[in-house]
Amino acid sequence: MIPATHQPPLPLDRLLLQDGTPGAADRMELDVLIVGAGPAGLACAIALAQLAERGGAALNIGVLEKAAALGEHSLSGAVVHPRALRDLFPDLTDADFPFRGAVTHERVRLLTARRAIPLPTPPTMRNAGYYVASLCEIVRWLGAKAEGLGVNLFTGFPAAGLLVEGQRVRGVRTAAGGLDRDGRPLGTYMAPNDLVAPVTVLAEGTRGLLAQAYFAWQGVRAVNPQIFALGVKEIWETTHPLDAVVHTLGWPLPPSVFGGSFLYPLAPNLVALGLVVGLDYDDAALDVHAVFQGMKRHPFFRRYLEGGEMVEWGAKTIPEGGYYSVPARRSGDGVAILGDAAGFVDVPSLKGIHYAMQSGMFAARAIFAALRDGDPSAARLAEYDRLVNESFIMQDLYRTRNMRLAFTRGLARGGLAAGVMTLTGGRFPGRRIAVSPDAAIPRHPGPGAPFVPDGKLTFSKVDAVFKSGNTTRDTIPTHLVVGGDVPAEVAEFYARMCPAGVYEVAAGQLRVNAPNCIDCKATDILGPRWTAREGGSGPRYHRM
Amino acid sequence: MNIAVCIKRVPDSETRVKIASDGKSLDEAGVKFILNPYDEFAVEEALRRREHAGAGAVVIVALGPPAAQETIRTALAMGADRGVLLQVERIPPDGLEVARALAAELRDGGYDLILFGKLAIDDANHQVGPMVAELLGWPCVSTVAHLELEQGRGIAEREIEGGVEVVAFPLPAVLTTDKGLNEPRYPALKGIMAAKKKPLEVKPTTLGPGGLEILALTPPPERQEGRIVGEGPGAVVELVRLLREEAKVL
Amino acid sequence: MSDVLAVVEQRAGVLRPVSQEVVTGARRLGDALAGRVDALALAAGGVRGAEQLGVFGADRVTTLTNPGFAAYAPEGYAQAVAERARTGGYGAVLFAATALGKDLAPRVAARLGRPLAPDVTDIVVEGGAVTVVRPVYAGKALLRLRLNASPALVSLRPNVFTPAERPKAGVMETTAVDVPAGRVVVQQIKAAAVGALDVAEAPIVISGGRGLKDPANFKLLEELAAAFGGTAAVGASRAVVDAGWRPHADQVGQTGKTVSPTLYIAVGISGAIQHLAGMRTSKVIVAINKDRDAPIFKVADYGVVGDLFQIVPHLTAEIKKFRA
Numbered sequence: 001m002i003p004a005t006h007q008p009p010l011p012l013d014r015l016l017l018q019d020g021t022p023g024a025a026d027r028m029e030l031d032v033l034i035v036g037a038g039p040a041g042l043a044c045a046i047a048l049a050q051l052a053e054r055g056g057a058a059l060n061i062g063v064l065e066k067a068a069a070l071g072e073h074s075l076s077g078a079v080v081h082p083r084a085l086r087d088l089f090p091d092l093t094d095a096d097f098p099f100r101g102a103v104t105h106e107r108v109r110l111l112t113a114r115r116a117i118p119l120p121t122p123p124t125m126r127n128a129g130y131y132v133a134s135l136c137e138i139v140r141w142l143g144a145k146a147e148g149l150g151v152n153l154f155t156g157f158p159a160a161g162l163l164v165e166g167q168r169v170r171g172v173r174t175a176a177g178g179l180d181r182d183g184r185p186l187g188t189y190m191a192p193n194d195l196v197a198p199v200t201v202l203a204e205g206t207r208g209l210l211a212q213a214y215f216a217w218q219g220v221r222a223v224n225p226q227i228f229a230l231g232v233k234e235i236w237e238t239t240h241p242l243d244a245v246v247h248t249l250g251w252p253l254p255p256s257v258f259g260g261s262f263l264y265p266l267a268p269n270l271v272a273l274g275l276v277v278g279l280d281y282d283d284a285a286l287d288v289h290a291v292f293q294g295m296k297r298h299p300f301f302r303r304y305l306e307g308g309e310m311v312e313w314g315a316k317t318i319p320e321g322g323y324y325s326v327p328a329r330r331s332g333d334g335v336a337i338l339g340d341a342a343g344f345v346d347v348p349s350l351k352g353i354h355y356a357m358q359s360g361m362f363a364a365r366a367i368f369a370a371l372r373d374g375d376p377s378a379a380r381l382a383e384y385d386r387l388v389n390e391s392f393i394m395q396d397l398y399r400t401r402n403m404r405l406a407f408t409r410g411l412a413r414g415g416l417a418a419g420v421m422t423l424t425g426g427r428f429p430g431r432r433i434a435v436s437p438d439a440a441i442p443r444h445p446g447p448g449a450p451f452v453p454d455g456k457l458t459f460s461k462v463d464a465v466f467k468s469g470n471t472t473r474d475t476i477p478t479h480l481v482v483g484g485d486v487p488a489e490v491a492e493f494y495a496r497m498c499p500a501g502v503y504e505v506a507a508g509q510l511r512v513n514a515p516n517c518i519d520c521k522a523t524d525i526l527g528p529r530w531t532a533r534e535g536g537s538g539p540r541y542h543r544m
Numbered sequence: 001m002n003i004a005v006c007i008k009r010v011p012d013s014e015t016r017v018k019i020a021s022d023g024k025s026l027d028e029a030g031v032k033f034i035l036n037p038y039d040e041f042a043v044e045e046a047l048r049r050r051e052h053a054g055a056g057a058v059v060i061v062a063l064g065p066p067a068a069q070e071t072i073r074t075a076l077a078m079g080a081d082r083g084v085l086l087q088v089e090r091i092p093p094d095g096l097e098v099a100r101a102l103a104a105e106l107r108d109g110g111y112d113l114i115l116f117g118k119l120a121i122d123d124a125n126h127q128v129g130p131m132v133a134e135l136l137g138w139p140c141v142s143t144v145a146h147l148e149l150e151q152g153r154g155i156a157e158r159e160i161e162g163g164v165e166v167v168a169f170p171l172p173a174v175l176t177t178d179k180g181l182n183e184p185r186y187p188a189l190k191g192i193m194a195a196k197k198k199p200l201e202v203k204p205t206t207l208g209p210g211g212l213e214i215l216a217l218t219p220p221p222e223r224q225e226g227r228i229v230g231e232g233p234g235a236v237v238e239l240v241r242l243l244r245e246e247a248k249v250l
Numbered sequence: 001m002s003d004v005l006a007v008v009e010q011r012a013g014v015l016r017p018v019s020q021e022v023v024t025g026a027r028r029l030g031d032a033l034a035g036r037v038d039a040l041a042l043a044a045g046g047v048r049g050a051e052q053l054g055v056f057g058a059d060r061v062t063t064l065t066n067p068g069f070a071a072y073a074p075e076g077y078a079q080a081v082a083e084r085a086r087t088g089g090y091g092a093v094l095f096a097a098t099a100l101g102k103d104l105a106p107r108v109a110a111r112l113g114r115p116l117a118p119d120v121t122d123i124v125v126e127g128g129a130v131t132v133v134r135p136v137y138a139g140k141a142l143l144r145l146r147l148n149a150s151p152a153l154v155s156l157r158p159n160v161f162t163p164a165e166r167p168k169a170g171v172m173e174t175t176a177v178d179v180p181a182g183r184v185v186v187q188q189i190k191a192a193a194v195g196a197l198d199v200a201e202a203p204i205v206i207s208g209g210r211g212l213k214d215p216a217n218f219k220l221l222e223e224l225a226a227a228f229g230g231t232a233a234v235g236a237s238r239a240v241v242d243a244g245w246r247p248h249a250d251q252v253g254q255t256g257k258t259v260s261p262t263l264y265i266a267v268g269i270s271g272a273i274q275h276l277a278g279m280r281t282s283k284v285i286v287a288i289n290k291d292r293d294a295p296i297f298k299v300a301d302y303g304v305v306g307d308l309f310q311i312v313p314h315l316t317a318e319i320k321k322f323r324a
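Protein sequence lines, in the order shown, are assigned to chains A, B and C.
Quick note: the first sequence uses the numbering used here, first residue 1, plus one each step.
Quick note: the second sequence uses the numbering used here, first residue 1, plus one each step.
Quick note: the third sequence uses the numbering used here, first residue 1, plus one each step.
This is chain A alone, in the form it adopts within the complex:
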């Protein structure tokens, strides 16, 4: 079974709208419109506002965010490299940033079913000088800084379509709210709004909806297709303190699957724990959520978690393709694309936040200069691409360009190759390793391990979604575009693939519980397409 054969195409007719298409209640003009209040979008907004302030110009900057409140759709590990924050706030010190603590100790373990074998920390994974943080907290902090600089933050407004005019991006149309299951307006109906600006910045994060639409529309390609991993994460209140940043490889993932776990201390009695799995796994029955739950039964984790309480759960995909999956250009007429939406993630070092922020700051420079000269054209905004290309962002990604890709051939060969690559600074093997999109990887029916949650250490998907804070209205129309005819084996694959229990198989038929969706985007990568839905839907992450 190949997922791609059952996947509907990107619904471009809904995602690309000629500016002026009827259907919007209101139209708002801004100087810069940023889609997504994550680290990339907010860093861009802050940098723009700082440039405007310094230049004595008044810029009307608006940031659209689909979550009901700042940070509620943000999820990361995370160990953060502070360089972008230092660059953005030269007057502040590391102590001023919303970090949980500096990395003091690091451990890497190779797990077997019963043992945890110490491994030397690979050079790419050394985190000395970096900080453990919650991305939710970073985003809330950045949001407050942005507001302080006069940036307009519009939370609860998802961007549903890109407004275009000729080859130019004019802005976005927001999603309607207050529709019933059949798409009929309720008393709380909120019509879509159009927001337009000389420059629209797409900082939607992983598997960005409008970023995909833009690249598809303009035929912008990368050398390799983008590939993804799915991370499932929990926050635990614990009674056993953790003093180190821990990563594990091996069990419970089969050798053919790329991935690993992380365990980070957030406070003396608070840890973040997660499992990240490449979505190119070949076992159709693999269930990342269930594997993660099972992983916690290992004595290595149990020792920290036993007697504690899981207080938050979440999931998110990660663009893992690296250097060769970054689109040839991330700018165009009236548009720039940042952060995860552009693929600025370095898997070997497990870093993306500082690249996302830095890309936003580069974009701000290019946009500010273009607006000052009244010329937000592709030629002028290409300055953003040049700044990124010449920066540490692309240098870092280039150095590790083949490492993640080598693991498409299995853990042992990948691990060996990655070691050699590190030693040679990425020069060996010199050639690019070609990869297929995740949806094109054939899946083989596996036995599928039964999973019975105990409600204390391990949790069902329904309970997990509860812990994500998901309070999506139950009666919203489905936002997922499902392919025409879904055979039972594919439905079963979706049910396992989705960590939030959106898909279920009932009497051989696919059932879609759309309100469960927590916007991790795995579905959009391997199955039914994700589109924007009523503002404020989805999870309410707090310390993710």
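Each statement offered as a hint is correct.
Pair by pair, the computed Cβ-Cβ distance ranges are:
| hint | chain 1 | residue 1 | chain 2 | residue 2 | range |
| --- | --- | --- | --- | --- | --- |
| 1 | B | 24 | A | 14 | 51 to 59 Å |
| 2 | C | 213 | A | 123 | 56 to 64 Å |
| 3 | B | 209 | A | 86 | 42 to 50 Å |
No lab work stands behind these hints, which were simulated from the structure alone.
Note that beta-carbon positions come from the ideal geometry of N, C-alpha and C, so glycine has one too.
For this one, chain A is given, so just place chains B and C on it according to the hints.
Just chains B and C now, with coordinates in the frame of chain A:
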């Protein structure tokens, strides 16, 4: 029509309650605060009445910490005209102290209507609205789920056990709003932009100590694990007996 | 030593049952304060059932009559009760936290200038001061408060203070009072439509989950609800509401309604956390499920394991028999 709406900043209803180290208050670390959901009905009703009348102002009044300014901005983004924050360090458990401060602020405001949510979802005191009315000497109807206003008089409906009370009253009046009165609007984009520029006056306020003293805030007792009465329809007779004789709920 | 005033309720000249709870609570407090318990009713004339209040601990039952007191008259009631409380020198005044009590008690408190502790689930005397427990944060925490005031004004959460009888009869008296006509006037009471019982208000809630297998099978629960004679409402889990089997208004749980009925019967519901969040404050929980390991049994007081399609009709028949 000039309307005052008294609102409160409260922890989100999904908040996981953690007790602070003093054993008497909520640990607010990481808690998200929102506009009290019942107050949303009051704000919405005020906006609709102002829109219907075609004239007048909706003034948002909150008593709370400095951060309650954000909550006021939410109501301003919905469409209210201006805000007043009676700024205090801490809201005391005694609602009468809150009512006294609000009444002093509202007394000479020239309002036709003063609206409250029927209760705040945090302390569920369910009292400040009627207390303010008494202190002002105004008529008051609480927990209003349906409202008609015409020429200085109003008819309100409020849910009571097993029925609905239909209540007549003259204006000016204090009303507290219940779910069902209306469907509160979401702030529109332009409303959010406009809210930043609307006047918000902060008035440092001192409250009396009040007559209620918090001794402790504790988690509710864990539910005792119950028992399996039996299997199959055969267990039903025993179940009914237990419900009748032991649990005494039949 | 101080006396306690219990403000009781009537509707259409008949004492409301919750009054027995208020008098029971007042008696408990009166004993602790070594004081007398006075029950106070307000009505247009006599109150049928008021004479029983002695049995629950009232030393004296006073009915204040006024032609305007047939229905609830907020201002007249507040004035009359405040006057009584002031002149009677009471140490505590108790109300029921009902629709009437929640409106009246704060008015009286404001008139007396005394604090009010509303909707309490426990009341004791500690060191001579009235001390109460009340649920806050939607029942997620309990607040213990001391009332440093006399009289201490308290309203009692209904269904918590189980009426306790004592072999003693109180003195009955009726006094006409003169209060000015209020501005706020109850014009009529519309009785709720039969069967319109909301899950959030019903004293008994019977909820169904996916174990019912088909929307049509909810008629089993409706029959069981009917057997309770109009005091039960039918609720639903999120799964079946999502599936479109039941309206969203019936959903019990995190994204639905929070209920705390006297009796909650969960039928074919496994007990996801989000469902438990909506019903765990119910007084008594019964679970009927075929899976012995279902989490619902962890919060249920009484569980029956087995086929709901056999068990529920039996239960309906037994309830009918019991009520006949």
